[in-house]
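S.K.: Spelled out from the first residue to the last, the chains are:
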Amino acid sequence: MRQLHHTFEISTCGQGLYNFTAEVANWLAASGLRDGLLTLFVRHTSASLIVQENADPDVQGDLQRFLARLVPENDPLYRHTLEGPDDMPAHVRAALTQTQLSIPFRAGRMVLGVWQGIYLFEHRRAALRREVAAHLMGEE
Amino acid sequence: MRQLHHTFEISTCGQGLYNFTAEVANWLAASGLRDGLLTLFVRHTSASLIVQENADPDVQGDLQRFLARLVPENDPLYRHTLEGPDDMPAHVRAALTQTQLSIPFRAGRMVLGVWQGIYLFEHRRAALRREVAAHLMGEE
Amino acid sequence: MRQLHHTFEISTCGQGLYNFTAEVANWLAASGLRDGLLTLFVRHTSASLIVQENADPDVQGDLQRFLARLVPENDPLYRHTLEGPDDMPAHVRAALTQTQLSIPFRAGRMVLGVWQGIYLFEHRRAALRREVAAHLMGEE
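Chains A, B and C are the protein sequences, given in the same order. So the first sequence is residues 1 to 140, counted in this note's numbering. So the second sequence is residues 141 to 280, counted in this note's numbering. So the third sequence is residues 281 to 420, counted in this note's numbering.
The set of hints was computed from the structure by calculation and includes no laboratory data. Where a beta carbon is used, it is the ideal one built from N, C-alpha and C, also for glycine. Be aware that one or more of the hints could be misleading.
[Stated by the list, open to error] Interface residues of chain B toward chain A, partial, derived using beta-carbon atoms under 10 Å:
#1 His184
#2 Tyr218
#3 Thr221
#4 Glu223
#5 Met228
#6 Leu241
#7 Met277
Please construct the entire structure, taking both the sequences and the accompanying hints into account.
M.R.: Structure follows, in structure tokens:
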């Protein structure tokens, strides 16, 4: 049994879903590990992780617009407003999605379904550099 | 340290929660592993995983009806409508719950609380065959 | 490769977020493990786990009030009312957040971002004793 750490850096340019499935698959392939468990952990509280459909980009747009309406900006409920109108909604949207994902892998490939992609879900408007910590544990 | 892969196939007949705790517990027992980590990963983006109360079935019904109202069909916000009125809401409901669950096990049993069951949460209306990838890593 | 189990007991006194990052970090440090994967699993269906900002306490208050409004008490939709008006909303709020968190650790420290804390999210009003099962797998 062997393990490996890595950090994916993802540059975002506004709210939306950023597909980094290929980067993760390439890292896994380069590791030489064939069977085990892969874990991704986003190191921020205003961005999140999500597995969603990679076929029709409208799914990603609809999901983002749905969350934007469900968790609106400038809600009088918010007291945390110092970091801008998009910050507190970003925290809530992150809380409603995922901070971490673990995906088993087999014969060197993640057990993702055919239509599944791995996305960083950026909830803030500014261009940012996001870090996703990654961990592999498995056997060759 | 030893590991094991499996795929649970769950036939669904419409929206709702499908308890497959016993299947998972039996697979774990048959593995002979006593201490370690079990991971479940749903290979779809319109169904999800959830740990919920296994005592009063009304909890499951209330949860399902709450999500159905929160994420309605035929919302004018949706652009992704080609796969039917229940498809885009299914993606959103899946995003708001879980794609993956990891549960430690000890002395051959998952550390679930007394009232906790493991459910596949089906968000589509049609009868479908769903796959949940499963992974064990641990010691005898 | 070595593993370790533990149960964190957290006494709650009403709804809100309870930070137990230090307890987890101390347990990890005491284990002597330096590289691996840490998993937390809440053994209840009316409380959940969440990683959120540890800087401005208003973030936690806003998040709690947002969920309280999104998933209100005394909703005529609920059939499960026997355990009190706060019980069914607690199940829904738990379903919308997380039951489990896995966090890689490196050089003896969890790969949390600077502003990230680990919280038990209590969704019930009564004072309760909650259990979070914890598992470490890794190397010295």
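S.K.: Holds or violated: the hint that glutamate 223/B contacts chain A, with Cβ atoms closer than 10 Å.
M.R.: holds, 8 Å
S.K.: Mind checking the CB of methionine 277/B against every CB in chain A and telling me if the closest is under 10 Å?
M.R.: Status holds, d = 6 Å.
S.K.: For the hint on tyrosine 218/B, does the least C-beta distance to chain A fall short of 10 Å?
M.R.: holds, 5 Å
S.K.: Holds or violated: is the Cβ of histidine 184/B closer than 10 Å to a Cβ in chain A?
M.R.: Check passed: Cβ of histidine 184/B comes within 6 Å of chain A, closer than 10 Å.
S.K.: Can the hint on threonine 221/B be confirmed by a CB-to-CB distance to chain A that is less than 10 Å?
M.R.: Check passed: Cβ of threonine 221/B comes within 9 Å of chain A, closer than 10 Å.
S.K.: Are leucine 241/B and chain A close enough, Cβ to Cβ, to be under 10 Å, as the hint says?
M.R.: Constraint on leucine 241/B satisfied, holds at 9 Å.
S.K.: Hint methionine 228/B vs chain A: min CB-CB distance below 10 Å?
M.R.: OK, holds: methionine 228/B within 10 Å of chain A, min 5 Å.
The structure agrees with every numbered hint stated previously.
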